[in-house]
Each structure stands twice: as structure tokens, then as C-alpha cells.
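Enquirer: Each chain, written out:
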Amino acid sequence: MLRIVVIGIVCLLIAGAFIKIPVKTYPEKLSAWGIFEGKMSALKPTMGVVPYALNTPLYTDYAEKLRFIRLPKGASVNYNANTVLDFPAGTLLVKTFYYSADFRKPRIDKDIVETRLLINEPEGWKAITYVWNQDQTDAVLEIAGDDKQVSFIDQQGVKQQVRYVIPNQNQCKGCHNRNDQLMPIGPSAGQLNGNYSYETGIENQLSFWKSHQMIKAMPALSNIPRTAVWNDPSTGSLNVRARAYLASNCAHCHKKEGPAQTSGLFLTEDEKDATAYGINKPPVAAGKGSGGRMVDIKPGDANASILWYRMHIQDPGERMPELGRNLEHKEGVALIKEWIDSMK
Amino acid sequence: MRKLPVTLLFIFIGSSFALHAQKDFQKKYQSQMILAEDGSVIELPEGTFTLTNTLSLEGKKKITIRGKGMDKTILSFKGQTDGAEGIRVSDGTDILLEGFTVQDAKGDAIKTMHVTGITFKNVKTEWTGVPGPQNGGYGLYPVQCIGVTIDHCVAIGASDAGIYVGQSQDIVVKNSKAYHNVAGIEIENSLRAKVYDNEAYENTGGVLVFDLPDLIQKKGGDVKVYNNHIHDNNFENFAPKGNIVAKVPTGTGILILATKGVEVYNNKILNNQTLGTGIISYYTMQKPIKDKLYDPIPSAISIHDNLYERTATPSISNDPIGMIVGKKYGADMPHILFDGIKNSKLLDSTGNWLPGHCISIINNKNQSIVNMDVEHMFKDMARADDLFKCNK
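Chains as they are written, first to last, in our numbering: chain Y, 1 to 344; chain E, 1 to 392.
Read the hints as simulated data drawn from the structure, not as lab findings.
Treat the hints loosely; a few may be bogus.
Claimed, not checked - Computed far set for chain E versus chain Y, every beta-carbon distance over 12 Å: (1) Gln30; (2) Ser31; (3) Met33; (4) Leu55; (5) Phe77; (6) Ala161; (7) Cys358; (8) Lys379.
Stated by the list, open to error - Now the stretches of chain Y that chain E is said to cover, found in silico as 3 or more residues with beta-carbon under 8 Å: (9) 34 to 47; (10) 105 to 112; (11) 167 to 178; (12) 241 to 255; (13) 312 to 318.
Every residue, glycine too, gets a C-beta built ideally from N, C-alpha and C.
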């Protein structure tokens, strides 16, 4: 009997061996990129790696995110008012996903899950991800995706658990997609037009970029759009904040150049056609995702609206967004509910 | 007493071994699909494999994904936790999917988008168990593709459409079977489609040709449906409410909704107990229209040389069409229903169709037609068996 057990364990070890197919172009380990210095898990950037944040970011299962940009020496970003900024070839965007053990004491004791890189190669943007090891000493390139159980104590002091999903390389483009080209989603002028707490003090991010020659052709700050902060009423009306939230969380697919164009539902902030952003719009190919509801947004009644239903429901065949959400974003969904319920 | 814990340990190791093996399957084939060089073949082994996430192919040219046969290589998504479809192919050229089954996907079974040259051959999509609204929407689901071939495929149990071609161009659907879906085969907002030598049976509706508003590809048309066996499509509609197919009457053979340029011929259309063939405008669906570029009224339709038969029972549908028309005609339901709504811009001063826009219904065996006059709440509903002859 003991022999069978031993054979079983050996089989288990063989089966558990990581299936690795090497990718020629990019280093196996995150440390090789030289983004961080000192102890890796401290996420302390090296010279020329600049942290940034977005006014209304994408929600990903309550993961906390730390973003950095590295521009090639002497190169700078071209300003544009409406879409993602024009980054020069060689730009590196770095986003690290982590969970603080207790969200009320952020970053004291944290579990770093993955670091995603967007690299602006001469032939276009590439997306790769590195998964952090158990000891949090480094992260390893992973193309086929994975998942990981994480737990944390939320802002209310309640223990939460989630199976965090690391996307495979194709799934990156599921969201990072404009006319079938891989593209960054977040860093537009409007999203960056807010303060950041740098080591040198608090400063508007775009002003910081300008004074460090990171951006050119930038107009005066007063002439630059500013994306509302979804959960800060001082930054915009309920309507403006709800549209900003939908733009960040849905419009990467739900735009005319995005993968969800087949649905005819467009959730960009500048969409003016009420039917196109969901008002009394019947679904096209929602299947059971309709939840038995007749239209995307029924003014005055979130409960009867498919938009609310799919942001709230758990089933993977129905929920929205399709990727990166196992846990409902309660606060975000509450915002959308309030917005729909307030419509006349 | 010593034996028991050892046995338990063995069972534990055995089951975790199986789980690991399945996760490795997902990783192995997902990696292959990511790293595949253009022109390569990805071979799937024989057996049933459990997947928890979508398998996706993206931005590739001339790739074949080939199993050992429709009933030999089975990809089961019963325990799917991530991704909204079983298999997803996007932004590709000349992709061939062949010889496997996709089972119980949480959303759609196989979705292909923005592919030029997509072929499904000997592929089955199914939801096992009793068909119901919990099943995924679409089985074989090419959307916004150019050059679609679906050949010798099988689609079972979709809560929307088993074989669904949407917003695409240059399409062939042949030698395939669709049953126990809400819609067996659906061609939606698509141009130049040929649907032939298929069997669509025991769905709610056998074959649907639809043009819908608010979509990127606005107009379908030039659709030919011929040599098909479309029978016994009397499965009670189980589509989730809100979807357009939830409005398809139970007992529908062929339904043409708003599409211009459809030819239906040489089909056997048998025992579809509410309507053999319907020609209707989007108005009859009783949904609001806000899309100014959308034309909700069908025209340029030709229905000829088909065989119609049905068992002499009343209509089996509970929707307004089935109830009102059914009440009037009882067991003697006419085979072909026209809602009576014509686009006035396409008529001459005497009310006849301008050349090229006519609705022609001739030479069908057992031809019987009712003009439902939906526009006036069925007021002048009447038989019109020989009134759909065009001059040229």
C-alpha cells in the first residue's frame, strides 16, 4: 500500500510541474527589467520610473494597483485631449496588482499577485504579465494565465476571499483593444489630471510630467479635461461620475472600436445617443445575460435594467465585465443603481 | 484500522491528480494557441477534458484547431469559472475549427469575431440536460466575419440560436443539424448567405433570417435558404425574456424578419405547428425603433417550390400571432403568414411593388397564405393564397 502512495505522490509531482514554453523576446523574470530597486516586494522604482494614478480606475476584484511609467531617455509623450495619450516607442507601462492584508492599513502587509507590462514596441503595443512567487522575491513570466486564492480584510473590517484570475496573453487584448490593435486603456489626459503624492510632495500629475519634460504640446491645466473621481461627489454630478465609472469599467470593450461593438451598446463618456448608451435599448445577443429584463437601462428602475443586473450577477456567462470580476464591486454598482434610479 | 487512513490518502492524491491534469490541459493548449506560428495545426487529443476558462486564439493566420472527431474530443465547460465563452477566436485570417465538441459553456460555446475565412467542420456545440434559459445563448457564433463556412456541424440546446451568423458576409451553412435550440439556424444582419442541405428540427423556430436595429452592420440580404429539412420545430420557447428570439412563436419553421432579398426554395417544411414560414416587419415584434438608418420592413422575398405539411391541430403558440391567427383558422392554420406591412416607398401609385422589391410566393406544394393585417390590429386578416405573384 505504501508503494502505491509513493507512486501517487510521484505522479502528482510530475503533473504539477509547471508547463513552461519559453518566450524568446522577454525576460523570464520581472527583476531583469530593472523597474524596481532594493527589495523587490517594496516596489520602489528605479530612476526614471515614475508612479501615476487614475482619477477613476478600472475595478479588478478589489485589487489595489500601483502604476508606473518609464519613457525612453530623452523621449516624451504627445498630449492629446480625448483619448489615451500618444506614448513614444519604447514606453513601458507597469501595473502591479496587490492586496493589503487589511485595507484599513494599506501596504503594511501585502500580497503582491502580478505585475503587468505594456510595452510600446516599434510594431505596436505588447502586453505580458509576471506572476509573483510565494516568497515575494520576484515574479515569473506567465503567458497562459493562472488563478490564485487571496484573502483580505475590507474597509468595513470584513474578511473577504476571492479567486483572483491572472489573464492569459490573449485575454489582455480582450480589453486592451482598439480596432483590433492592442492599446493602453487608462492614461488619458483627463484620467491623469489629478494630484499625486510624490516623494517631493503633492502635485498635479500633468504638471509634474510637464516640469520633468515627460510631455509636450500640453495646454494650460485649466484647458485640460478632468475625469471625475467616481466616488468623490466634489468632482462631479451623479451623472458625470456614473458615466466616468462606466467609461473606465466598460467602454474599453463597449465602444465603436472595441470588441463589444457587436452589441451596439457604447459606454464612452462622450456618447450622446441615449439609445447607444443603453436608455430603453433592447439587448442584441445577451442570451441569459438579459436576466429576463427587457432593456439595458430602464430610467427610474435599476432593478429592471440589464446594465445593473449584469454588473451585479456572479454567473460567468452573465456577469460584466467578462474578465477581472469574481466579486461584485458593491460601491460601484451602488453608484450605477443610484444613477439609474434617479433618472426620469 | 491502519488500512483506512492510507486508503483515504490515496483517494485524496488521486483526485487532486485529476484536477491538476485538467488545469494542465487548459494551460498547455492555451499556451499553444498563444504561441502558434501562422500556418500551424493544433491537435487536440481524444477524450473528455474539463476546462474552467475560455480557450482563445487571437490575431493569427492559417491556424487549424483539430480534434480527433466530433464525439471523440470533448471539451466540457460545465465547471467554467472564468470567461464568457468556451472558445473564442478573434482578429484572424483563415482559421479552421474541426472535429470536436464544446459542451456546457457558461455563455456562448464558440464565438469568432473579426475573422476573414472561418470554417467550422464536424464541430458540435451542446448544452446537456433539459434545454432551459440557464443554457448559453449561442452555439456556433461567428460575428462580424467575412467568409464563413459551417459544414457538417451539430448544435443542441442553445437558449438563443444553435447556429448563429451575425453581422457577417459571404456565408455557407450546409450539411448541419440543429435541434433543441430556441432558434435552430439564424442569419442576422448578414449579407450573401447560403443555407442548404441542413436539418433543423425540434427547435422553437427552425431557420430565422433577421435584420435588427442598432447594430454596426446595418443590413442583411441576399440570403438563400434551400434544400433544407425543417420540421417539428415545436419546442416551447425557453429564451430568457428581453432577447428578440423570446418573441419567436413556438412552432415556427422559417421566419423572415425585416430582411430584404431572401429566397426560400426546395425545402421540406413539415409539421411546424404554428407557422411554416412567416414574413414580418420589426413593427410586429412590438419593440420600439430608434435607429434612423434601420428599415424594419421586409421586401424582395421569394418563396417557391417548397413542400408544406402540418398535422391538423390548432396553433401551439401563446403569443398574439399564434392566438389571433390560430383562433380564426383553428386546425386549418395556413402555412405562410405575412403581416401585411409594406414599405410605401417601394410601391407604385396602384399599390403594386416597384420592380425588384416584390414578395413572390408561388409553386409551393400545399401553399396557403394569410395576410394578417397586423397594422390594423388584424381587422382585415384574410387568406391570400394566390395573391403573391410578381409580374417579372
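Enquirer: Confirm or reject each hint.
Expert: Taking the hints in turn, this is what the structure says about them:
Annotated as non-interface, E:Gln30 brings its C-beta within 12 Å of a C-beta of chain Y; the closest such distance is 4 Å. Residue placement check: E:Ser31 does not keep its beta carbon more than 12 Å from all beta carbons of chain Y (closest about 4 Å). Not every beta carbon of chain Y lies more than 12 Å from that of E:Met33, the smallest distance being close to 7 Å; the non-interface claim is violated. With a minimum CB-CB distance of about 9 Å to chain Y, E:Leu55 fails to clear the 12 Å threshold, and the non-interface call is violated.
In this structure E:Phe77 is not separated from chain Y by more than 12 Å, as the shortest Cβ-Cβ distance comes to only about 9 Å. The beta carbon of E:Ala161 is not kept farther than 12 Å from every beta carbon of chain Y, the shortest such distance being approximately 9 Å. Taking the minimum C-beta to C-beta distance to chain Y, about 30 Å, the non-interface status of E:Cys358 holds against the 12 Å cut. A cut-off of 12 Å between C-beta atoms confirms that E:Lys379 is not in contact with chain Y; the least separation is 28 Å.
Check result for the segment 34 to 47 of chain Y against chain E: violated, 0 residues qualifying (beta carbon to beta carbon below 8 Å, three or more required). Counting residues of the segment 105 to 112 of chain Y whose CB lies closer than 8 Å to any CB of chain E gives 0, which falls below the minimum of 3, so the coverage claim is violated. Only residues whose C-beta sits within less than 8 Å of a C-beta in chain E count toward coverage, and the segment 167 to 178 of chain Y has 6 of them, enough to reach three; the restraint holds. Check on the segment 241 to 255 of chain Y: 0 of its residues sit with their Cβ under 8 Å from a Cβ of chain E, so the three-residue criterion for coverage is violated.
With 4 residues having a Cβ less than 8 Å from any Cβ of chain E, the segment 312 to 318 of chain Y passes the three-residue criterion, so the hint holds.
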